[in-house]
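Starting from the two chains in their separate frames, assemble the complex, guided by the hints.
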Amino acid sequence: QQPVQSPQAVILREGEDAVINCSSSKALYSVHWYRQKHGEAPVFLMILLKGGEQKGHDKISASFNEKKQQSSLYLTASQLSYSGTYFCGTSPNTGNQFYFGTGTSLTVIP
Amino acid sequence: NAGVTQTPKFQVLKTGQSMTLQCAQDMNHEYMSWYRQDPGMGLRLIHYSVGAGITDQGEVPNGYNVSRSTTEDFPLRLLSAAPSQTSVYFCASSYAGFGYTFGSGTRLTVV
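Note that the protein sequences, when read in sequence, are chains A and B. So that you can map any letter, position 15 of the first sequence is 35 in the numbering used here, and since no number is skipped, the others follow by simple counting. So that you can map any letter, position 21 of the second sequence is 426 in the numbering used here, and since no number is skipped, the others follow by simple counting.
Hint data in this document are derived by calculation from the structure and do not stem from the laboratory. Keep in mind the model is a prediction, meaning the values are calculated, not measured. Ideal Cβ positions, reconstructed from N, Cα and C, are used throughout, including at glycine. Certain hints may be false.
Said to hold, decoys possible - Cβ-to-Cβ under 7 Å is the rule here; a few derived chain A residues that face chain B:
| no. | residue |
| --- | --- |
| 1 | A61 |
| 2 | P62 |
| 3 | F64 |
| 4 | I67 |
| 5 | G71 |
| 6 | Q117 |
| 7 | F120 |
| 8 | T122 |
| 9 | G123 |
Just chain B, with the same shape it has in the complex (with noise of 0.2 Å):
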């Protein structure tokens, strides 16, 4: 049982250079996030999708698309990376009304 899968665990873009974060979870769970964490300002939602096909924006989605066609996989695109999306990715999963499984966590280094 692996839970949830993040890849790459490194990754270093150039500015403008597009890039897709890979999640997947084996856990059957309907709900799945995406969060970045910056020093000092928390973890902070870009995307969520509560079921196969249906995906909503949080609170930072801006430089950023998400699909969900299968319970399983919620990748996160970067359309065109900039030096403001340094930061370490997090994809978690639950069901509802249940805590969330977080992935490693993935270091992005724009530059």
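Same shape as in the complex, but just chain A (with noise of 0.2 Å):
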């Protein structure tokens, strides 16, 4: 049940982009994108429902492709404080019942 995230690893310069791709072999019902701190417990980001919608918050938004079992995470201009890794997290129904990708580690530069 656990999705696949790709890339693994991605290194930015301050006022780059980058996107973080979470995809599953089941249908899914929902997506949550969460921020991890070394040391620190998951932040939540922004979940998405069934319906291909997309969400923005500040410069980070999401889409949700049902239909492909995928979701991708849009970081644009990104800023030092955007370094950690980067789960998916989703569920099958509308039950609360989450299953992580493994991760994405993202490192942003000065």
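Following this line, the structure appears as structure tokens:
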């Protein structure tokens, strides 16, 4: 049930853009995105539900294509504070049991 | 408003010992879950609960028990600790359709 994330790691310079992908082999009802900084707990970024909607949060946005069972997280004009590991969590139904991907390590350098 | 509180923060166990990781939330969330996090493995779901008295297994339930007698508390019991259970454990809670709030984690070492 664990979704697959790509890439595993990415290094950016400040101001550059990045895309993180999340795909599942099972039908999805919803997708969550979280960011985790080293030694801390994951922090919720956004949730996307069935409907192919796109959401935004400052310069971070995401899309969800339930037909392709995929979601993508877009980080634009990256800042140093964006560094961390990004996880997608997927659920096949309206329940809240989520299965997380293995994470994408994002490092933003000056 | 404390959010999700996990205790202890650190624990060292000997193989075969049992212990309970505590998790409490004060947000009246109906959903609660336990995850373990290992290097390169991401977060793996151990057990979850959709309300008081209702629990179910996740991806990696073997060696762990849970119960949910109240909305606030969701303890995780290790029955007989093994070195393979060395990990960081996170408890999380949410309302239906909302994102999870995670606790600060328990770092468990089994020797």
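Verification of the supplied hints:
1. A61: A61 of chain A check passes; min Cβ-Cβ to chain B is 4 Å, inside 7 Å.
2. P62: Holds - the Cβ of P62 of chain A comes within 7 Å of chain B, reaching about 5 Å at its closest.
3. F64: 3 Å, holds
4. I67: The hint holds - I67 of chain A has a Cβ within 7 Å of chain B, the shortest such distance being about 5 Å.
5. G71: 13 Å, violated
6. Q117: At 5 Å from the nearest chain B Cβ, Q117 of chain A passes the 7 Å test, so the hint holds.
7. F120: 4 Å, holds
8. T122: With Cβ-Cβ at 4 Å, under 7 Å, it holds.
9. G123: At about 5 Å, which falls below the 7 Å cut-off, the nearest Cβ of chain B leaves the hint on G123 of chain A intact, so it holds.
Of the numbered hints given earlier, the model fails hint 5 alone.
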